[in-house]
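K.L.:
We have chain A already, so just place chain B on it with the hints.
Chains as they are written, first to last, in my numbering: chain A, -18 to 479; chain B, -18 to 479.
A few of these clues could be false.
Identical copies carry no separate label here, and so any pair may be met within one copy or between two of them.
[Said to hold, decoys possible] Calculated pairs, EDC-like style, for lysine to aspartate or glutamate (alpha carbon to alpha carbon, straight line, at most 16 Å): (1) 34 <-> 53; (2) 457 <-> 221; (3) 388 <-> 440; (4) 442 <-> 416; (5) 442 <-> 417; (6) 442 <-> 18; (7) 19 <-> 162; (8) 118 <-> 38; (9) 378 <-> 440; (10) 457 <-> 12; (11) 457 <-> 411; (12) 118 <-> 173; (13) 378 <-> 461; (14) 118 <-> 42; (15) 34 <-> 461; (16) 19 <-> 461; (17) 442 <-> 411; (18) 378 <-> 455.
It is worth saying that the hints were derived from the structure and are not from the lab.
There are 2 protein chains.
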Amino acid sequence: MGSLPLDASLRPLDPEVFSGESRAVVNFLAEYYRDVEKYPVRAAELEPGLLCKLLPEAAPENGEPLEDVLEDVRRDILPGLTHWQSPSFFAYFPMNASTAGFVGEMLSVGLNVVPFVWAASPAAAELECVVVDWMGKLLGLPQRLLFSGGGGGVLQGSTCEAVVCTLAAARDRALAKLGHENIMKLAVYASDQTHVTFQKGARLVGIPPSNFRVIQTSASTGYGLTADAVRAAVNRDVADGLVPLYLCATVGTTGLGAVDPVRELGEEARRHGMWLHVDAAYAGSAAICPEFQGYLEGAELADSVSTNPHKWFLTNTDCCCLWVASPRALTSALSTDPEYLKNVGTNSTGKPAAVDFKDWQISLSRRFRAIKLWVVLRRYGAVGLRAHIHRHVTAAKWFERTVAADKRFEVVVPRKFSLVCFRLRARFPEDDTVDDLNRELLAAVNSSGRAFMTHFVVDGKFVIRLAVGGAMTEMKHVMDVWELLQGKADEVLRRYQI
Amino acid sequence: MGSLPLDASLRPLDPEVFSGESRAVVNFLAEYYRDVEKYPVRAAELEPGLLCKLLPEAAPENGEPLEDVLEDVRRDILPGLTHWQSPSFFAYFPMNASTAGFVGEMLSVGLNVVPFVWAASPAAAELECVVVDWMGKLLGLPQRLLFSGGGGGVLQGSTCEAVVCTLAAARDRALAKLGHENIMKLAVYASDQTHVTFQKGARLVGIPPSNFRVIQTSASTGYGLTADAVRAAVNRDVADGLVPLYLCATVGTTGLGAVDPVRELGEEARRHGMWLHVDAAYAGSAAICPEFQGYLEGAELADSVSTNPHKWFLTNTDCCCLWVASPRALTSALSTDPEYLKNVGTNSTGKPAAVDFKDWQISLSRRFRAIKLWVVLRRYGAVGLRAHIHRHVTAAKWFERTVAADKRFEVVVPRKFSLVCFRLRARFPEDDTVDDLNRELLAAVNSSGRAFMTHFVVDGKFVIRLAVGGAMTEMKHVMDVWELLQGKADEVLRRYQI
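Excised from the complex, chain A in its bound form (with noise of 0.2 Å):
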């Protein structure tokens, strides 16, 4: 590894230094693969603030080798995170690491470029329009979302900001009609299951959080939205005089995996002029196995959809789809120049040509997101995706299957992807000690450092959720975490013992 000279001839990317520390850095990682099993899952119970003591008060004035830095991460650091990429990490839903996704930001850290305007790195926008029109192909979705078909894609960070975005765009297109002081009147739209950052974006983009729409739902319905309880919060809206504004239906909800239905969701939203959007974070990646497209039928009536291939899509964090079918809508809203800056072949129809992605997201830098999901795309291809959403789905069946087996305990919502949710049952009617009796088993578990779930709330239960979805993730864990199950389930039902 070459040294660093730190006077005024530092050479920050010089060809060897450069080659000499990514080795060692590329070694440590796959050191870390190779041994990640032999850390506690979930980070052991830490002090709040034992890093902020250990580190140094400052920065350093003289720079320090790297194997000074490996060694502090390897030693302070390491002890200290949640292993996520573990094989046993079962928790919240997996943000998925893979050689693809790995090289591929590689490629995109390493090339430093932003394709801010399309002329400022004409084909790293290019590729992005490619491949988000690959991956729409490949979810099934309409032609009207796609490049080719009039709409179009972007890759931003998160869903969050995907929301705050199709939100603006809504907006903006209510407001140019009514005058913005009617944004009092904007009402919103969602399921009590819907992720809660729905509502963060709602308030962002300065909704009365009073307009606010969290609707019931039910297990008759497995915690799906349905088009009447809408429409009866729409018409009570509308009799207030409020306007119906945005409706966003979820495909694969966080707490429970519910699927909300597109199709009369989408119905609905027409009827009064709301905005629908799909929020497929987790499962729209699912889809690209024909036996999950279903869930996504009705989509041409969106105007957006999303989906995280951070998720369980082999593509290291950060990577969200965001489709719309007005690109019009988004820019008109998110545009800063509208003629100013414009650059060569820069247009608004929204072909695959000199697309301007900063008028399509909240920044105006990016990173070169594109290069990372095409790297994966290409190296897995569609086969070796849905081999890995296959390998999950088996082994989450395999454990529904075997918990409902076990008369302790109870599957509490039929499994629709790769995320399974139960508890002990209630060992007797009225038995309020049930909810005590899931929290110190999931604690038990999780106190092991063997595996790492979270836990969930629906019609005041507390619920376990294994979620599969890990990149080394095989069915030998799932099935040890089962036996981890069984086992602290006989301490705990042992304790409980009256």
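P.N.:
Same frame as chain A, now just chain B:
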């Protein structure tokens, strides 16, 4: 390089495959840095849509070898990129790549943890607290903006995100007293030199566009905003029943590198109860050198300050530091679950312990950017980073002096940092061809492929910008671009001979 099985045995993080393919990409990038001067700096004039025509219409069914992917990058992508890492890239502002920034990003991408709440990866959240304090101390920021002084910082993706978050914080603080319906009364202030993303941000958070005040600046103050001008605008608005909300001061504007007087504006903002944000996106990095810290003098009157290490601080895209004096003002606007989801040690006092960074930014999910900035600070140290800044300032000084000494040229506004704004002079009084002359000069330089610069328009004048700051840019590249400019000026002036 290992070959990849494409059946159900797909192992996306196999350490052998990971090492082999990552090394291949390291080699690819080292070769790119070695050869980057062989490419035209700005992408050749491409037919928009060219890449879309070159690439297949759909993702491949079967995975393809990495060699093929890299060959396609070399053949189809590289010629269509603008090479932001070229030492002769002088356009916009620099976007620095470096070995330390790259390997720091590799660690972030490879570990792929998501520090959205403290418990989801404690060491990642804590490293962020440490590194933003380190950075703040290096820039000489007041204690009250640091965690160690009751404030705190966060790493976001862009200035626009930082502006949106602080605008939302200011808005919600005001509306909590006034009621949401008074959103129509909120007014925001900036200069005609302030980056246009400020208006984009204000629009995003629902401030009525009719309440954006763009205050004129002039050559007499070097295009800095005066407190008198702000006071006049505020007084008019207050008389009209509006509520002054937010003032954006810029240290190093995008067009000209102008500096707004932070202390004066801070006092003015306090007088009217406005939020003061200091946007030091580009020039903030220079404040690690004592001779530039004066520009941030008065920052103790600011509610927030932001700077982008991804521009001129050797930290690959993206990384924006945002510091706030009142973390609670920020989290009140951005928190999604004031009570629910609290985790061990979460507190709201902004102590450097157990910070849930999802409540400090737009998105829930987030990247482990802290490790990247930490590696940059560790590897280069304050001494190395100051040398990096000094090298470019020295080159820009030389260029300014040289341009000023050539009687065909003029420096349009005195250089403060590493941005020089200049033009060919009018050759006689009322020379109305002077803008065309400069436009042609810039086009000739850029078309040569040997350098890339961009322009600005101030007081109706077309100005050429030379932004020095590339990681590979040395004095000789600045001398080369001056030689190139002289040659092209000769040609252009000859064409315009009467």
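K.L.:
Next, verify each hint and record whether it holds.
P.N.:
Against the structure, the hints:
1. 34 <-> 53: within (14 Å within a copy, 48 Å between copies)
2. 457 <-> 221: neither (56 Å within a copy, 70 Å between copies)
3. 388 <-> 440: neither (22 Å within a copy, 79 Å between copies)
4. 442 <-> 416: Cα proximity of residue 442 and residue 416: one copy only (7 Å, versus 71 Å across).
5. 442 <-> 417: within (10 Å within a copy, 72 Å between copies)
6. 442 <-> 18: neither (32 Å within a copy, 63 Å between copies)
7. 19 <-> 162: neither (58 Å within a copy, 55 Å between copies)
8. 118 <-> 38: between (51 Å within a copy, 9 Å between copies)
9. 378 <-> 440: The answer is neither: 24 Å in one copy and 68 Å across copies each exceed 16 Å.
10. 457 <-> 12: Answer is neither: 22 Å inside a copy and 42 Å across each miss the 16 Å cutoff.
11. 457 <-> 411: Neither, since 36 Å and 81 Å both go past 16 Å.
12. 118 <-> 173: neither (31 Å within a copy, 44 Å between copies)
13. 378 <-> 461: within (15 Å within a copy, 65 Å between copies)
14. 118 <-> 42: This pair counts as between: shortest inter-copy Cα distance 12 Å, intra-copy 52 Å.
15. 34 <-> 461: neither (37 Å within a copy, 49 Å between copies)
16. 19 <-> 461: Cα proximity of residue 19 and residue 461: one copy only (15 Å, versus 55 Å across).
17. 442 <-> 411: within (13 Å within a copy, 80 Å between copies)
18. 378 <-> 455: Result: close within a single copy only, 13 Å intra versus 60 Å inter.
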